[in-house]
Every structure is written in C-alpha cells, then in structure tokens.
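Visitor: Protein chains in written order, with this note's numbering: chain A, 1320 to 1599; chain B, 28 to 329; chain C, 7 to 144.
Quick caveat, the hints were computed from the structure, so don't treat them as lab data. Check before you lean on any hint, since a few could be wrong.
[What the hints assert, rightly or not] Examples of chain A residues toward chain B, derived with CB under 8 Å:
| no. | residue |
| --- | --- |
| 1 | F1322 |
| 2 | I1324 |
| 3 | R1326 |
| 4 | L1327 |
| 5 | H1331 |
| 6 | T1417 |
| 7 | T1423 |
| 8 | Q1424 |
| 9 | V1426 |
| 10 | G1437 |
[Said to hold, decoys possible] Below, in silico cross-link-like pairs of lysine to aspartate or glutamate (DMTMM-like), each with a Cα-Cα straight-line distance of 20 Å or less:
| no. | chain 1 | residue 1 | chain 2 | residue 2 |
| --- | --- | --- | --- | --- |
| 11 | C | K70 | B | D247 |
| 12 | C | K55 | B | D205 |
| 13 | C | K55 | B | D247 |
| 14 | C | K55 | B | D223 |
| 15 | C | K70 | B | E31 |
| 16 | C | K55 | B | E209 |
| 17 | B | K273 | B | D305 |
| 18 | C | K55 | B | D305 |
| 19 | C | K55 | B | E31 |
| 20 | A | K1469 | A | D1391 |
| 21 | C | K70 | C | E82 |
| 22 | C | K55 | C | E82 |
| 23 | C | K55 | B | D211 |
| 24 | C | K70 | B | E59 |
| 25 | C | K70 | B | D305 |
| 26 | C | K70 | B | D205 |
| 27 | C | K55 | C | E76 |
Note that the coordinates shown come from a computational prediction; the quantities given were computed from them, not determined experimentally. In this text, a Cβ means the ideal position worked out from N, Cα and C, and glycines have one as well.
So the chains spell out like this:
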Amino acid sequence: MTFLIWRLHRVHAIVAAVVIVAVTALIVPSGIAIANSYHHAVMNCSVSHVGCGDISFTVFGNNSVFTSLVQDLVMAFPLVLGILWGAPLMAGQFEAGTEDFVWTQGVTRRRWVLTNLGWALLAAAVWGGVLAALFTWWRGPDNAVDGPVKFIYFDVQGIAPVAYTVFAMALGIAAGALFRRVVPAIMTTFIVFPAVRIVIALFFRPLFAVSQNVSPRAGAGTPPLSWSLFADIISSKTEHIIYLPANRFWPVQGVESGIFLVLALALAIFTYWSVTTREA
Amino acid sequence: MSREALAIETAGLSKRYRSAWGLQDCSIRVPEGRISALVGPNGAGKTTLLRLLVGLRRPTSGQARVLGRAPAQDDMDFLASVGFLAQEIPLYRQLSAAEHIRIGARLNRTWDAAGAGQRLTTLRVPLDRPVHSLSGGQRAQVALSLALAKRPHVLLLDEPLAALDPLARREFLTSLADVTVEGDVTVMLSSHLVHDLERVCNHLILLTASRVRLCADIDDVLGGHRMLVGPRRSTAELERVFTVVKVTQTERQSRVLARLDGPVLDPAWDVSEVGLEDIILAYMSEDQPLTAGPLSFAGGTA
Amino acid sequence: MSSELVKQTITFQLNQASGVPAYLQIVQQVEQALRMGTLRPGDQLPTVKQVVAEVTINPNTVTKAYRELEHAGLAEGRQGVGTFVLRRPEGPPPQEQTRLARGLERWVETARAAGLDGQAMEAMLRSILRSASDRGVA
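From just these sequences and the hints, can you work out the full model?
Guide: Set out below in structure tokens:
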C-alpha cells in the first residue's frame, strides 16, 4: 500500500522537495548576509554609537522586496499544498473510479484511508516544519529588531507553519472525501483555509493581548517588539493601548498550533468516517 | 437435476437509494462453474446487484451469499476469492500494466504475477507503457488480467464489453471462456447486448425495473419457451394453462410467446422455438402483464 | 503452450442464428467430418481449450458435445491426453456420400428449372423430413 502511495504521489513529493531546496538555496545566503549585516550594525551602534536608530533600515531596507516575497511564499505554502496535493488525494481517486481498484485488490477501506491520511499529513508536517525552521532562522535578526509577534511575521516562523500545513492538507483531503470531485474540493479549500486563518489570527490572538492605560510620555506607549493592536487617546494624561507583547510569542504559538492541529484531527476523523461509512 | 453447489445465492436482496429502488426482492441462484449473463436495460439494477455481491454496497434488506460468505469489504478471505471489474475499468492512468501487477503483488495474498504478465504478452498488450496510452480493448485485458491474477473463485464484471469494438469483444469473451476451462471459476458479467454473450454464457439472469424476471440455465430458458402462431383468437385458454409472456395481435393473426411446461393440445397453434434474444426482448416489453414471479427452473430458484 | 504443439485436426464454426443448439452443431460437424473422411478413427479431436480459443464458446458446450460423441460410441476420452475418434458414424462411406450429393444436385437443378427458389426447396425438404420422421423413417 505504501509502495502504491509513493508511486502515485512521487511527482508531488519530488516537486515539493525541489521547491524546498530552491527556497533553501535562496534563503540561506540571504539569511547569512542579513545576519552579518545585522551584527555589523549592532557593533557599530554599541561601539561607535553610529546608526543605532537606523539598524532596521540598514539591514533590511535593501531587501524589502525579497523579504516580502519570501514571506508571501511561506504564508502561501500551506494553502498551495492543501490545494495541489490534499484536495486531489481522495477526490482524484473517486473521480477516476480507482478507489474501486484498491478495494477489490484486498485493501479494506479502513486501511486505504488511514494509510493515505497518515502519509499525507506526515508529509505536510515535514514540509511545513522544514520551511518553518528555515524561516525562523532567517528572521533571527529581524525578530531582534522588529519583534516576532506581528501579523505575518508570526505566521511564518516557530511551530505554527507546521500546524497550518497539516491543517491545510487535512482540509483538502476532507473536502475531497466530502465532494468526491476535485474542483469542489479545491474551491472549498481555497475559501475555507484563508477564512479560518484570518478569523483565528484576528480574533483569537488578541485574546492574549495586554490592555493598559499609560501616560503618553516619551518612551512610553506600545513596548518595542510587540504587535500594537489598538491605541486611543483618552485624555491628555492617559492613553489606552492594547498590544501583544513579544514574550507571549511562544504561548500564542503553542495554543494556536494546538487549535489547528485539533481542527486537522477533526477533519481527519471526518474523512475516515466519510470514506468508510458512506458508499460510493 | 441434482442439487449443484451454488457460487452465488441471494434471498430477497433489496437496495433502496434516496428516491428509488435500485434492486427489489432479488432472489437468484448461480451454480458453480457457470458463466452467467446478467442482462437488462440500463438502470434495471445490474450494477447495483453486482456491487451488492462484491460488498461495495450494503443492502437495504435481504441477504447475499457468495461462495457461502456474506459479501464484506473488510473480510480479507472474501476479497481474496472474489474478483471484480467495474464498468469504468479503474486503472491508474499514469502507471503501466507491469506496475499494476507489481502493486497487486503487494496488496494481495495470493498473486500470480507471472501468469498475468504472460497472459498480456500473449495478447500482445505492452507491459511498460502507461495505461492511458493503451486502446480500450487492451485496457480491458489489463484489468481482466489483474482480476484473474489473484485466482478468484468468483469473477464479477460490470459491462466489460461496453466500450470495446467487436474484435476486442470477441477476444475478451474468449479470454473469459478460457479461464473457466482451467479452474473452478464462476463468472457473472452484465451487458445490455445479448448477442455476444450467448456464445459463452450458459446461465442467464434478466433484470427489468429493479426486479428479476428470469434466472436459469440458458438451455432451460430456450427449452422452456415457445412461440405460438395462429389465426387471431383469444388467448384466455392458453393463459389458463401456461404463463404467457407476450401477445401480439393483428387483424388476422395471434402471436404468443409463452412458457411451456407441457404440450400444446390445440392443433391450430403452430409451435416453434424462439431465440434467446427474442425471449429476453419479450420480457423487457413494457406493455406486457407482469408474470406472477420471476421464472426460474431447477438449478435456478423461486 | 502445449496446445500449439498438438496440430488441430479440424476446425469448427458456430452458427448462432440457426436455431440448432451449439453443442449439437459441434457433434454434427464432427460427424460430418467423419463421413467425409476428414477425420479418421484414431485422430484426436481438438482440445476444449483449442475450440474455445477458435470459436469463443463456453467450454461446457464442448465438453457436452464430446460426451454426446462418446455416448454414441464415436469417440472416447483419455484422461490427461484428449478425446480420440473411435469409428465412423453409421452411414455410407465417402464415395457413397458423394454419389448421393450428386443426385441431390441434379434434383436441385430440376427444381430450379421448375421455378422453386432455394428457400422453397429448403421448406419442401424440411416438411418431407418431418413427415418422414413422423412415420419413423428419418
């Protein structure tokens, strides 16, 4: 069964591997350059007190197009994987009628769906993990300057990308099992995945935010490296701010990843039920 | 006629879909070793019956036994002894015949890979080209070889001839007949074309509108039906003694297709034999009174 | 395959439209071959596999036909080897067959000259055969 899955999906696997290798080849040199540049700038600042306020621009200013491009790639990767690999996984087989083939070759429905799910979600976790690791390393200097919790920065590093990728794959597969047609599966994944991501990012993360009233003195206001969510001037003496501090990065990562993994599990259970109970 | 072992047996098998019955009250018997033709118009329930027999669908009521076991998709012994060929000829387009054989070797307990390869080579079907580049007839032969390689005792085929040209049909039927020469295999294949099947099949199941109308050895069907032709008259007399399947009346003439289990005493009737296709068509005519129950002879069932 | 090594003695043809059961057609074709001398006592009849490959017919039909021939004493099956011809059917030898055939040809010419076509001749022959069989002659 494993051999069959490999043989059917080896093109997908190879393409994904090539993409990762290409991304690595792009990111690693860039990351090294950025790190060097950053350390120089920090040294200049601490030794000769030059350019301290400009570190961000000095290090990242020239790379901003490249930076956002790579960031977009990593953001999009889970969705792309879910659409190109997850959605056709089951739906393609149902459309071609080939699920009959395995079922009459001595493979029970249970075994078929579990093996497919297992390998697909594992692959998703691995690809997501590699990209996350790469990008977390690459963002090292940027995190020191700009903080890791801002929207988009948060989504491409740590363990969250793994959870997003696994969720996207599970979503694609579940949509395929539900509709048994590739196109509806793709469309569903394309709509639902970003929707869920946005809802959780915009409504769940702020739950971890800190709400404070501060007096608007120089140096006060939203602490550095944090994600500023809201600022309102109440009076000349107080400002009401809501922000997500940088030290909440890992807790939020952990819980958000947990949510997505639980959703993925629910989708996997749904897929299992759909394939083993519903009849073709 | 002695009681033969039954390869396939159903009792009151029924399947209801959301809005309609796919199969109603189906009770059939197929003795071992037969090549059975499952015929009927499209939508009559042939695919439903086959999928119920192979365990890809669960019945709404009634039961089925194939080689003595209830069909179940998670019964490994069952899967090993029953081969199925679906209408769409499900093969992985991008894989070659040889790769399919290799996959089958890993998935099945019993697997005759060498035999399958040899069979296809004899038929001059290329083993190393992706399946989508083969002709319809070649693909059907690949699918058949895969179904046969696990050495099933029952082979169920859903409209295997539908997409084949006449030569490919002939070759496929020859292959099927050849299979039964060697082993103890029972075959059931569905089709809405009768003519080709008659050469190779010796058992018939006729379905119309989700019900069984005939289930018997073909020799018995041919021996049990006669065409009566005579000057126009009422068929009431006949209908009291025999089961009348179809009556055609013109101004001058009456033509009756009937099941005869005894001699026709009235000399005004000219009695002659009827071809299988005509018998089947008569049962499929819509404007005929439904017979009380499906016809089956000893060896079939009631 | 071994069936290629055994040279096939005769070939068969199935006429689906004739109304004659398939197995009977095989029996008749064997008997005819015997009458014409194409098959001789001691010859092996084609194997079931060979007939199936050639005519696309159910193997049981061939088995049934060969069993009929065994019943009639015309052939005998040898386990693991095949079915072999024992003797010719009752009836005239080939020369006599040819002579009778020529007589029939002459009749056909006469009948055609008189205005009967092929179908009318067949119908006439069939009804005569039927009444002859009723009288216990044919």
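Visitor: Determine for every hint whether it applies to the structure shown.
Guide: Now the hints, each set against the structure:
no., hint, verdict
1, F1322, "holds, 6 Å"
2, I1324, "violated, 10 Å"
3, R1326, "holds, 7 Å"
4, L1327, "holds, 6 Å"
5, H1331, "violated, 12 Å"
6, T1417, "holds, 5 Å"
7, T1423, "holds, 4 Å"
8, Q1424, "holds, 4 Å"
9, V1426, "holds, 5 Å"
10, G1437, "violated, 17 Å"
11, C/K70 to B/D247, "holds, 15 Å"
12, C/K55 to B/D205, "holds, 6 Å"
13, C/K55 to B/D247, "violated, 25 Å"
14, C/K55 to B/D223, "holds, 19 Å"
15, C/K70 to B/E31, "holds, 17 Å"
16, C/K55 to B/E209, "holds, 9 Å"
17, B/K273 to B/D305, "holds, 11 Å"
18, C/K55 to B/D305, "violated, 30 Å"
19, C/K55 to B/E31, "violated, 24 Å"
20, A/K1469 to A/D1391, "holds, 14 Å"
21, C/K70 to C/E82, "holds, 13 Å"
22, C/K55 to C/E82, "holds, 17 Å"
23, C/K55 to B/D211, "holds, 15 Å"
24, C/K70 to B/E59, "holds, 16 Å"
25, C/K70 to B/D305, "violated, 25 Å"
26, C/K70 to B/D205, "holds, 16 Å"
27, C/K55 to C/E76, "holds, 19 Å"
Hints 2, 5, 10, 13, 18, 19, 25 from the earlier list are contradicted by this structure; the remaining hints agree with it.
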